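All chains should be built: construct the whole structure from the sequences, respecting the hints.
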Amino acid sequence: MKIWRYVPLETNNGYRNMALDEAILRAVILKKSPFTFRFYKWEPSTATIGRNQSLADEINVEFCKKRGFDYVRRITGGGAVFHDNKGEITYSIVCSLKFLEKHDARKVLEQFELITQGIVEGLNIFGLESEKGIIHCPALFMDGKKFSGNAQVRRKGYLLQHGTILLTIDPDLMYTVLKTPPNVSKSRMVRSVKSKCIGIREKLENYDEDKFLESIQRGFERILNIKLEIGDYSAFELKLAHKLMKEKYSQESWLCKYE
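Start counting the sequence shown at 1; every next residue gets the next number (my numbering).
FYI, nobody ran anything at the bench for these hints, they're computed from the structure.
All values derive from a computational prediction rather than experimental measurement.
Fair warning: there could be bad hints in the mix.
Stated by the list, open to error - No farther apart than 20 Å at their CA atoms in a straight line, the calculated lysine to aspartate or glutamate pairs in the DMTMM-like style are these: (1) K86 to D232; (2) K239 to E62; (3) K41 to E209; (4) K145 to E131; (5) K196 to D143; (6) K66 to D170; (7) K227 to E101; (8) K31 to D170.
Rendered as structure tokens:
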């Protein structure tokens with residue numbers, strides 16, 4: 001059974017969250033850090049766009065500035081996402097492709113699904129049933145409604161996958177931050193989100209976050225046959241994350257690279 005580093009839930013701004021994910025990926029590639037699993041939240045609330053998207057096309061930047069929200073480009077693919085500071089938990093995994101292939105996950109979709117199966121198993125432990133599916137990206141559903149979207153980047157035989165776990169959802173705020181597709185009204189998108197998405201707290205009378213996170217942790221341990229041991233970031237990762245925040249993620253050249 002392989003031991004991975006587990007970084008418990010923390011809250012950061014959007015630039016730091018993305019910088020830490022990339023710093024961990026780079027450190028693991030260089031064999032300076034172990035395979036890593038972590039949870040994080042966003043403060044302030046943050047809109048992220050995929051690596052190939054246009055900021056101006058996807059995000060209402062002026063509204064974000066008015067509300068004090070962050071907006072940042074990810075290194076992973078996928079679409080624009082609004083990360084509500086009180087309504088979501090994000091998970092992140094960094095490991096080698098060889099590790100996943102040893103679990104008979106050789107294709108991209110199989111690797112997505114192997115990792116997200118950890119969330120499914122964790123929710124089962126927590127007492128909730130969910131299922132896998134695809135809406136734009138590999139996703140997870142509860143009662144036929146999406147509560148988790150996921151994205152990846154692959155470099156030099158290693159993978160970073162991160163994804164959302166929606167706790168609550170505010171469709172009106174979401175589509176004030178995110179722009180609607182061409183020729184689609186905001187009201188239509190809000191109705192769509194209400195009918196197609198769910199926050200898992202809707203299914204719970206009582207929500208114990210510590211027990212929830214522990215259940216997800218145990219789910220990943222079972223599915224990946226690993227042991228998660230609490231660890232912290234290395235000095236290398238922290239220094240690199242600080243550099244990435246300052247020189248990349250907060251820079252207009254990165255944010256607006258397709259404008």
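Please flag the earlier hints that this structure goes against, numbers listed from lowest up.
-> 1, 2, 8
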